[in-house]
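Q: Kindly generate the complete structure, drawing on both the sequences and the hints.
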Amino acid sequence: MDLPHIVLHGSAMECEDRSAGKRRLLSAVVDDDESVRESLPDLLREFGFAARAFSSAREFLSSGCVDETGCLILDIAMPNMSGPELQQELKRSGREIPTIFITGQKDETIRTQVLNQGAAAFLLKPFSDTALLAAIKTAMEGN
Amino acid sequence: MTPTNDSTFEASIPTAPLESILCEEALQSRASRSPDYEKENRALVKLMKALADSPSTIFQMLADTILEVTEADSAGLSLLTKDGKTPHVDGQRFYWPAIAGMWQPHVGGGTPRNFGPCGDVLDRDATLLFTHWERRYPYLSCAVPFAEEGLLVPFYVDGKAVGTIWGIMHSDRRKFDAEDGRIMSSLGKFASSAYQALMHIEDLKIQISERERVEAEVREMASGLQAKVRRLVEANVVGIVMWNLDGVITEANESFLRMVQYDRDDLTSGRVRWTDLTPPEWRECDYWAIAQLKATGAFLPYEKEFFRKDGSRVPILLGGALFEGSGNDGVAFVLNLSKQKRAQEELRRSEAFLAEAQRLTHIGSYSWRVATDEIKWSEQLYRIYEFEIGIPLTIEMIRSRVHPEDCTLYEKMVEQGQNGANDFEWQYRLLMPDHSIKYLHALAHATRDQDGQLEYIAAVQDVTARRLAEEARDKARSELAHVARVITLGTMTASIAHELNQPLTGIVTNASTCQRMLGTEPPNIDGALETARRTIRDANRASEVISRLRALFSRKETATESIDLSEATREVIALSLGGLRRNGIVVQADLADSLPTVTGDRIQLQQVILNLLHNATDAMSSIDDRPRVLLIKTEMDQGSRIRLSVKDSGSGFAPQDANKMFEAFHTTKTDGMGIGLSISRSIIEAHQGRLWAAQNDGAGSTFSFSIPCTPEGLADNRADPSVEAA
Numbered sequence: 001m002d003l004p005h006i007v008l009h010g011s012a013m014e015c016e017d018r019s020a021g022k023r024r025l026l027s028a029v030v031d032d033d034e035s036v037r038e039s040l041p042d043l044l045r046e047f048g049f050a051a052r053a054f055s056s057a058r059e060f061l062s063s064g065c066v067d068e069t070g071c072l073i074l075d076i077a078m079p080n081m082s083g084p085e086l087q088q089e090l091k092r093s094g095r096e097i098p099t100i101f102i103t104g105q106k107d108e109t110i111r112t113q114v115l116n117q118g119a120a121a122f123l124l125k126p127f128s129d130t131a132l133l134a135a136i137k138t139a140m141e142g143n
Numbered sequence: 001m002t003p004t005n006d007s008t009f010e011a012s013i014p015t016a017p018l019e020s021i022l023c024e025e026a027l028q029s030r031a032s033r034s035p036d037y038e039k040e041n042r043a044l045v046k047l048m049k050a051l052a053d054s055p056s057t058i059f060q061m062l063a064d065t066i067l068e069v070t071e072a073d074s075a076g077l078s079l080l081t082k083d084g085k086t087p088h089v090d091g092q093r094f095y096w097p098a099i100a101g102m103w104q105p106h107v108g109g110g111t112p113r114n115f116g117p118c119g120d121v122l123d124r125d126a127t128l129l130f131t132h133w134e135r136r137y138p139y140l141s142c143a144v145p146f147a148e149e150g151l152l153v154p155f156y157v158d159g160k161a162v163g164t165i166w167g168i169m170h171s172d173r174r175k176f177d178a179e180d181g182r183i184m185s186s187l188g189k190f191a192s193s194a195y196q197a198l199m200h201i202e203d204l205k206i207q208i209s210e211r212e213r214v215e216a217e218v219r220e221m222a223s224g225l226q227a228k229v230r231r232l233v234e235a236n237v238v239g240i241v242m243w244n245l246d247g248v249i250t251e252a253n254e255s256f257l258r259m260v261q262y263d264r265d266d267l268t269s270g271r272v273r274w275t276d277l278t279p280p281e282w283r284e285c286d287y288w289a290i291a292q293l294k295a296t297g298a299f300l301p302y303e304k305e306f307f308r309k310d311g312s313r314v315p316i317l318l319g320g321a322l323f324e325g326s327g328n329d330g331v332a333f334v335l336n337l338s339k340q341k342r343a344q345e346e347l348r349r350s351e352a353f354l355a356e357a358q359r360l361t362h363i364g365s366y367s368w369r370v371a372t373d374e375i376k377w378s379e380q381l382y383r384i385y386e387f388e389i390g391i392p393l394t395i396e397m398i399r400s401r402v403h404p405e406d407c408t409l410y411e412k413m414v415e416q417g418q419n420g421a422n423d424f425e426w427q428y429r430l431l432m433p434d435h436s437i438k439y440l441h442a443l444a445h446a447t448r449d450q451d452g453q454l455e456y457i458a459a460v461q462d463v464t465a466r467r468l469a470e471e472a473r474d475k476a477r478s479e480l481a482h483v484a485r486v487i488t489l490g491t492m493t494a495s496i497a498h499e500l501n502q503p504l505t506g507i508v509t510n511a512s513t514c515q516r517m518l519g520t521e522p523p524n525i526d527g528a529l530e531t532a533r534r535t536i537r538d539a540n541r542a543s544e545v546i547s548r549l550r551a552l553f554s555r556k557e558t559a560t561e562s563i564d565l566s567e568a569t570r571e572v573i574a575l576s577l578g579g580l581r582r583n584g585i586v587v588q589a590d591l592a593d594s595l596p597t598v599t600g601d602r603i604q605l606q607q608v609i610l611n612l613l614h615n616a617t618d619a620m621s622s623i624d625d626r627p628r629v630l631l632i633k634t635e636m637d638q639g640s641r642i643r644l645s646v647k648d649s650g651s652g653f654a655p656q657d658a659n660k661m662f663e664a665f666h667t668t669k670t671d672g673m674g675i676g677l678s679i680s681r682s683i684i685e686a687h688q689g690r691l692w693a694a695q696n697d698g699a700g701s702t703f704s705f706s707i708p709c710t711p712e713g714l715a716d717n718r719a720d721p722s723v724e725a726a
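Read top to bottom, the protein sequences are chains A and B.
Residues in the first sequence are numbered consecutively from 1, following our numbering.
Residues in the second sequence are numbered consecutively from 1, following our numbering.
It is worth saying that the hints were derived from the structure and are not from the lab.
Computed from a prediction, not measured in an experiment: that's the story for all the values here.
One thing to keep in mind: the hints can contain errors.
Unchecked claim - With a Cα cut of at most 27 Å, we get these calculated DSS-like pairs of lysine-lysine:
#1 B/K46 / B/K82
#2 B/K39 / B/K189
#3 B/K660 / A/K106
#4 B/K49 / B/K85
#5 A/K91 / B/K660
#6 A/K137 / A/K106
A: Dropping the structure here:
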């Protein structure tokens, strides 16, 4: 099935402009699933956030928007670097971001693990907009 | 001078009456000599002696004696005869077998019975004295010298007059007297005995010569026959012996001697007798033969054994008969059966071997002579059909065992056979009395027997075990396939959930966004439209995932089939080509032609191939500095397996991930139909294969799986039970 590839590629320049002196307002969505990348940023914008989507952890890391990201909405199962792995990487490099994990399958082990690692929330797809909002609030407040 | 031979005499000249030549009273009235008894006795003694010693001369002696004692001039005998030389009491003529005296030269002549002096004497039945008889019987004038007087006396045998004795005076020197009459009478009696004795001797002579003739004939016949029989004896093609009921073999030919390895002398001397040659268990047969001999003169051929000289046995066939006229001696032929017995033993052994082989292999055999419906079954075939071994069979009986559903088939086969089809082969089932089913495979060969009649020779194998095993295997396979599907299903459940979750999340998110957009002041209509569009699209995606999944897991009957992996791969490539090209991938296919087939689930295997293609695509998705080449290859692998490999020029994987990759949920695919490597591995393993990954020498990795070929003989397109002409 051929889907129009909607990938929001921000430019490093844009991020840098935005981030100069501003507080972190960006919500970053990292998910290898197209429809998530498509739909979630719009919802976030309705919430009033600035939102960008990335198709992989690497893409996010090399986007230059990491420091600007106030909230990370992260898929768990991804090729190359998984969600938890990204969480580890950020932690390691001292750039922890409030993270909300979203996932398709219920796995207690992973849930426990990521929460222990400091995740703000763990949402099961499909999740309602209100649940997402609540999770984001929790994440922000925890900051 | 030959006296006439006519038995009737026609007088051509007047003849004197009989009385005129007879002088009866003269004999009585004449003075008679006194009897000379001594002389008479001497004469009689001499005659007796002669009769005893040389009976053939007796008549002559008698004639001489008459001459002497009557002092006649001529004397002799007249005997009745038919043919002129042998005495016969019904004769019509007299002949003179012996004459003494002057008339001696007339011996062999004679007179007619009905016209002559001897005839008169027999007519009158009295001694008669004739004088000058030629006056009455002119033919006697031929007999010279004339008879002055003739004295004739009849003599008898068994009351019948057979002739006369007579004396003749040729001059009147002396006249016959009464004494002469008496002596003549006496001598007449003697003549009677002599006659009888001689006749008897003649008879005996005839008998003897007859017997000698017959014997000579028989001897000649016998010697001719003997020569012929001797030929048989000396040809030594069969043993011939002569024996007697005392048990001695009186003669034996070479052939027999060789058979029993004895010398002729051993047997004929009586040292080695019939009973010595016969093993004890065969004696009873000999007794029976002897009984037949005594009853019928011969015995029917029978088999027995003889002991050879060295103690070994020779099997023989024996037949014989008593000689005619003998109650004790006979002849027999003896035929050596060693060769036949060996051949029989060979035959018996090979038959036993065949029966054993049939039992081991559960193959029975039969012959069917079509014209007469004569059916002969081997033991094993009886066992297969569960009939009592050896009972006579009919087509109906056999039909009764055939499974009802195969009955028409059976009829067809019988009909074909009767119509003289060639060799044929068919498979059919039996329904046993206990309701169990047997599967049979029969192969029949048409042949002509020695009379040119159509006959089928067939072998029938009980393949029930094999068929049941096949059915069990098929059942197991379908169960396995089902389990594989279930496993796949199970493994995929999470993946399915995941696959569906993506679009569902999209739907929920987009719908929520839509709501919010419509709730703003003013409403964001464009935004709302966009989210609504996405919602519909995601809903369609979800529905597609479900229908594809449904197709994958439809509860069809086991889809096991023979698959050409190259063909299947080509199909997958064709489906994916668009997507592959869009990803900038160069596809190289190296698919072997005429690969042996593999047996399995086509859809599942194609899913695996698709999975590998997707993995390869993903691996190359971030490659920009070199061509994205995807090589798919199918080939024969060792151990009768087919290998498929997918080689990419992508980023490869770390060695430590080699196994991790195959764990469930390690990867997910963006393509909604994705099945992960773990599921792929399960599928391949359900096909008795294996799936593995290896790093390339250059860039990228190669994923391969190898599964076994369809084994020979178990191809799934089994022939329906039917009759096929071979």
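Q: Keeping to a limit of 27 Å between CA atoms, is the pair of A/K91 and B/K660 held or broken?
A: holds (24 Å)
Q: Please work out if B/K46 and B/K82 have their alpha carbons no farther apart than 27 Å.
A: Answer violated: B/K46 to B/K82 is near 31 Å, above 27 Å.
Q: Please work out if B/K660 and A/K106 have their alpha carbons no farther apart than 27 Å.
A: Roughly 20 Å between the alpha carbons, so the hint for B/K660 and A/K106 holds.
Q: Holds or violated: B/K49 and B/K85, Cα atoms, limit 27 Å.
A: Satisfied, since the Cα-Cα distance of roughly 25 Å is no more than 27 Å.
Q: For the pair supplied as a hint, A/K137 and A/K106, is the alpha-carbon distance within the 27 Å limit?
A: OK: A/K137 and A/K106 at ~23 Å, within 27 Å.
Q: When you check the alpha-carbon spacing of B/K39 and B/K189, does it fall within 27 Å?
A: Holds, at roughly 17 Å.
Against the hints set out earlier in the document, a violation occurs for number 1 only.
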